[in-house]
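Please put together the full structure from these sequences, using the hints given.
These protein sequences, in sequence, are chains P and R. All the letters of the first sequence, read from the start, carry residue numbers 34 to 232 under my numbering. All the letters of the second sequence, read from the start, carry residue numbers 34 to 232 under my numbering.
Check the hints yourself; a few may be wrong.
Which copy? The list can't say, so a pair holds if one copy fits it or any two copies do.
[To be verified] No more than 20 Å apart at the CA atoms, straight line, and that leaves these computed lysine to aspartate or glutamate pairs for EDC-like:
(1) Lys83 with Glu54
(2) Lys83 with Asp55
(3) Lys97 with Asp63
The hints are simulated quantities; they were obtained by calculation from the structure and are not laboratory data.
2 protein chains.
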Amino acid sequence: MALGAGKRAQILDGAVQAFQEDGFAGTSMDRVAARAQVSKRTVYNHFESKEVLFRAILDLMVEKVRHTLSLAYDSARPIKEQLYELGWTEGRLFVDPDFMRMARMVIGETMRDPILAEEMNKRMEYKAVFHAFMEAAHADGTLIAPNPTLAAEQFIGLLKTRGFWPVVFSGQAVDQDEMEDIVNDAVTLFLNTYGIGER
Amino acid sequence: MALGAGKRAQILDGAVQAFQEDGFAGTSMDRVAARAQVSKRTVYNHFESKEVLFRAILDLMVEKVRHTLSLAYDSARPIKEQLYELGWTEGRLFVDPDFMRMARMVIGETMRDPILAEEMNKRMEYKAVFHAFMEAAHADGTLIAPNPTLAAEQFIGLLKTRGFWPVVFSGQAVDQDEMEDIVNDAVTLFLNTYGIGER
DNA sequence: CTTGTAAACTGCACGGTGTAGTATAGGTAT
DNA sequence: ATACCTATACTACACCGTGCAGTTTACAAG
Chain P
34 MALGAGKRAQ ILDGAVQAFQ EDGFAGTSMD RVAARAQVSK RTVYNHFESK EVLFRAILDL
94 MVEKVRHTLS LAYDSARPIK EQLYELGWTE GRLFVDPDFM RMARMVIGET MRDPILAEEM
154 NKRMEYKAVF HAFMEAAHAD GTLIAPNPTL AAEQFIGLLK TRGFWPVVFS GQAVDQDEME
214 DIVNDAVTLF LNTYGIGER
Chain R
34 MALGAGKRAQ ILDGAVQAFQ EDGFAGTSMD RVAARAQVSK RTVYNHFESK EVLFRAILDL
94 MVEKVRHTLS LAYDSARPIK EQLYELGWTE GRLFVDPDFM RMARMVIGET MRDPILAEEM
154 NKRMEYKAVF HAFMEAAHAD GTLIAPNPTL AAEQFIGLLK TRGFWPVVFS GQAVDQDEME
214 DIVNDAVTLF LNTYGIGER
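The structure is reproduced here in structure tokens:
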């Protein structure tokens with residue numbers, strides 16, 4: 034039992050690495066097994082096919098995102114502080130090399146299949162958290178964001194443009210300090226438009 | 034000659050379609066030939082290998098970007114108007130379905146190879162145009178952007194987050210009117226931080 | 001600590017299939 | 001008659017997924 038679970042994780046990790054290097058179609062199951070330091074038969078004992086293995090990785094990623102991404106608006110706390118936290122909610126993922134490796138692989142493969150990409154987007158509830166936050170802050174009067182969808186997208190864009198996409202392509206994860214800057218700059222720029230007071 | 038050139042374009046177009054659907058490794062040269070409505074031998078007469086065919090597509094894309102993306106700062110014209118144009122310089126690409134199809138394919142394949150991705154980024158001189166613009170505007174005093182790299186990245190982020198990435202995943206190109214909004218919103222938000230006057 | 005046993009794992013060989021790239025024989029326009 | 005094309009068959013190889021004989025591991029009972 035404990036043994037079985039260990040191998041399973043090994044295989045998933047090896048598969049992410051292998052798929053990442055040569056793509057889903059470009060990777061042989063022999064290679065996956067080699068990366069995972071496991072016999073090919075064991076791979077097939079855990080995952081009945083290459084396709085099933087791939088879907089298992091998708092599931093893993095969805096769970097990680099859903100688990101990490103969550104923040105409800107709280108009217109008792111200053112908006113700037115909360116925006117900062119909202120930014121870090123996403124930033125935590127960008128700083129995690131494991132996650133980024135997985136994201137890189139998944140994005141490359143899902144891009145080909147718009148239906149799958151859409152399904153993943155929905156399952157992760159990605160933008161919903163940001164949207165809900167903007168809406169609540171607007172209703173509370175701490176942000177002037179009559180179009181919360183737009184505000185959410187712009188905020189996300191500011192974070193991703195420096196913290197996500199470059200990493201996806203370079204493979205070089207952003208470190209803590211860099212992410213700090215990215216979040217701070219995003220919050221500043223954002224508040225200059227959507228904030229209500231001091232400037 | 035004229036005939037040969039026609040076939041070449043057909044093949045490139047077919048290859049982009051085929052690679053887009055099933056990826057580089059997942060697509061057979063027979064399929065490429067079928068998509069292009071050309072015999073397989075003809076494909077090999079124009080491109081000595083699958084790899085060479087792929088590189089030719091990359092070259093095509095680089096050229097398209099470099100050709101489209103260009104705008105020098107002009108101190109004689111209002112900054113807002115110029116930013117709007119700068120946004121559209123990129124927006125023109127996002128609105129072009131041909132380009133987006135190609136971009137989608139290329140991104141999916143280059144993502145696997147950080148070295149290739151970096152090479153492409155360099156060859157396209159993507160951010161350089163924006164960077165140079167911000168720097169010139171700052172020097173001219175029409176923008177307060179002491180960090181032109183940051184300003185350029187943020188501006189690009191605002192455009193891409195709505196005009197590029199969703200399209201890359203959905204395959205559904207943004208139309209003229211939508212792009213108009215995207216550019217306008219980006220310019221507005223941007224000027225609220227980096228502009229010097231009227232708000 | 002020894003022994004027994006069931007589950008999980010290894011390593012390897014194998015069938016069937018798909019693919020990159022070549023070869024060949026002939027067609028068609030200029 | 002030259003240059004490019006089609007159609008098809010072929011070679012050599014890699015890969016998915018399975019089968020199987022034998023080994024390792026976890027762990028309970030003596």
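Do the hints match the structure? See the list:
no., hint, in the structure
1, Lys83 with Glu54, "both (16 Å within a copy, 18 Å between copies)"
2, Lys83 with Asp55, "both (14 Å within a copy, 15 Å between copies)"
3, Lys97 with Asp63, "neither (27 Å within a copy, 40 Å between copies)"
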